[in-house]
Amino acid sequence: MTAPAAAPPSSREAYRDTLTELMPGDERLVCLDSDTGLFSNVDFGSAAGRYLNVGIAEHTLMGAAAGLARSGRMPFVNTMAAFASARALDAVKVDIALTNAPVRIAATHSGVSAGHLGPTHHALEDLAVMRTLPNMTVVVPADAAQTRELVRQSLGVPGPVYLRLGRNATPDLPAGPPPCLGTVQQVRAGTDVAIVACGPYPVLAAIEAADLLHRDGISAAVLNAHTVKPLDTATILAAASVTGLVVTVEEHWAAGGLGSAVAEALSGTLPVPVHRVAMPDSFVGVAGGQRFLLDKAGITSTAISVKVRSALGRTTTSIGGERR
Amino acid sequence: MSTAVALPLGTDLADITSRIREHIVTMCAGPDGGHLGGSMSLVEILAALYFRVMRVDPADPDAPDRDILLLSKGHGGIGLYATLAEAGYFPRERLAEYSMPGGQFMAHPHPEIPGVEAPSGSLGHGLAMGIGYAVAAQLDGSDRRCFVVLGDGETQEGSVWEAAAVASHHGLSNLTAVIDRNRLQITGGTEQVSGLEPMAQRWRAFGWTVREVDGHDVDALTGALDAPSERGRPTLVLANTVKGKGLPFIEGDVRSHYAKLKERQYHKAMAVLRRSRS
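Protein sequence lines correspond, in order, to chains A and B.
Heads up: the first sequence is residues 1 to 324, going by UniProt numbering.
Heads up: the second sequence is residues 1 to 278, going by UniProt numbering.
The set of hints was computed from the structure by calculation and includes no laboratory data.
In this text the structure is predicted, and so the values were computed from the model without any measurement.
Check the hints yourself; a few may be wrong.
[Unchecked claim] Between beta-carbon pairs, the in silico distance windows are: (1) B/R202 <-> A/D35: 19 to 27 Å; (2) A/D90 <-> B/R204: 25 to 33 Å; (3) B/G158 <-> A/V286: 25 to 33 Å.
[As the list claims (entries may be wrong)] Sample of chain A residues lacking proximity to chain B, with all beta carbon distances greater than 10 Å (derived): (4) G37; (5) R73; (6) E125.
Quick reminder that beta carbons are idealized off the backbone N, C-alpha and C, glycines included.
Generate coordinates for the entire structure from the input sequences, incorporating the hints supplied.
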């Protein structure tokens, strides 16, 4: 009997471990915390003096990060996505984005990953908010390995970076090449539809949907948009020009998120239909874990495949349904 | 770099403050007007900082060991521009670019302008950013100081108090805030709108050293700004000022907050200021 494989860490833990590794070797790096608890019991080694906890003070967190960045440092600030994108937004906009300060905003508990903590702790607007800010790079790692890689690559971005991280462990993506920040990564090739997704469960659901659709003879490309801004429009246009149909999937309200970004990219040059699988336009008013809430909201492989079939005019299902 | 901006030969600081006020009045007589009252109340504070206290070099505005000034009350922008011009950060003629379409001299400071450290205008930002500069200086082992100039009404913003608590908790003795206490805001007196008193006690309760001075007395300001900080404490210089200072016909008038001076008012103002110089 083999021992069970260790559960993969959450993207926030993968981020924390990567930053902890990087800090001693890079004097620029500063870890600014706002009482998140993510760094409790972390040993920063020789970099211990570059960890500062400002307490429950998200505006001050962002402003202080800007001051550090404008003094030659590269601060990683830590808070929940809901507080980064809403509560502290004025400081993010004025102090960080307007000055193009090299601050990395590590935003945990994104989407509905805060689960039963409720809608005050969900962030379903953050992609919309952050990608409207000039100078901001917006990154959504889809698993722990991608998080490690993208955190490292973020050091090379001259301006601010928003890192959208989750609270919980999520499954690893199927093995593939590492992500390259600033690009959209093709996970599957396909000719009938391009499914563009970001974040752990949306990308996994897109891959599963591609498998379901394959059984029905529908060839689905899957694109992992781990960088939402700047959006790699060339890769999306190339896929859309083959498929003529795009479906987007995200753990975010439909307004302003990945689906909007993809539609904006296509509308002027290649106006193919873009269908969205996203969180409904309402607050989540019930308890439940991340998977439960996503299933309830229809961020699932089944919902994606139904949407694709419907868009292709093929109302078949591969789960005992009949072809018409 | 080890000193404040030197005065030109044959000039004293009263000449400089008078000229700063003339520049402010001139900008407020332009096509878009300007934040007159809160810029006039600020003049001695900025003059003391640039010409007496801060280690800066207008020829090298980004020198790595310079002291930092953040004008958190961004609506004092034209007061800052006038001071920077007099200090030699850019030619005085550039002040004519104020509010000119396509130019960088907006009502609220923009960091593209030489000497402007950070954008401001949305109130309640400067102190948090100042914490970052102060922490960075400590990490660097630098004796750089950071000065943050706030409006009194600005301290109605909750973010000021969030930052005030963080700054004292972390013992940022290289951080000094200055409050331009002119006692007026757009809709009336600060104490009528949302009272700020007892202001000195409030800041002391937050762990700050408080020094209260006449905000139009450059020597008093210099003394308060230059005195060594208490170990492990940030310093607040509470500068009692008069909104619209220098123009008797608007001093203490709530309507001075933003003014577009008519030609007659402009000449009257300039005559008053020039008389004060002679």
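Hints, verified against the model:
At roughly 24 Å, the beta-carbon separation of B/R202 and A/D35 lies within the given 19 to 27 Å, and the hint holds. Taking the beta carbon of each, A/D90 and B/R204 are about 28 Å apart, inside 25 to 33 Å as hinted. At roughly 32 Å, the beta-carbon separation of B/G158 and A/V286 lies within the given 25 to 33 Å, and the hint holds. Taking the minimum C-beta to C-beta distance to chain B, about 18 Å, the non-interface status of A/G37 holds against the 10 Å cut.
Non-interface call for A/R73 relative to chain B: violated, since the shortest CB-CB distance, roughly 6 Å, does not exceed 10 Å. For A/E125, the non-interface assignment is confirmed: its Cβ lies about 20 Å from the closest Cβ of chain B, beyond the 10 Å cut-off.
Comparing the model with each numbered hint stated earlier shows that hint 5 is the single one that does not hold.
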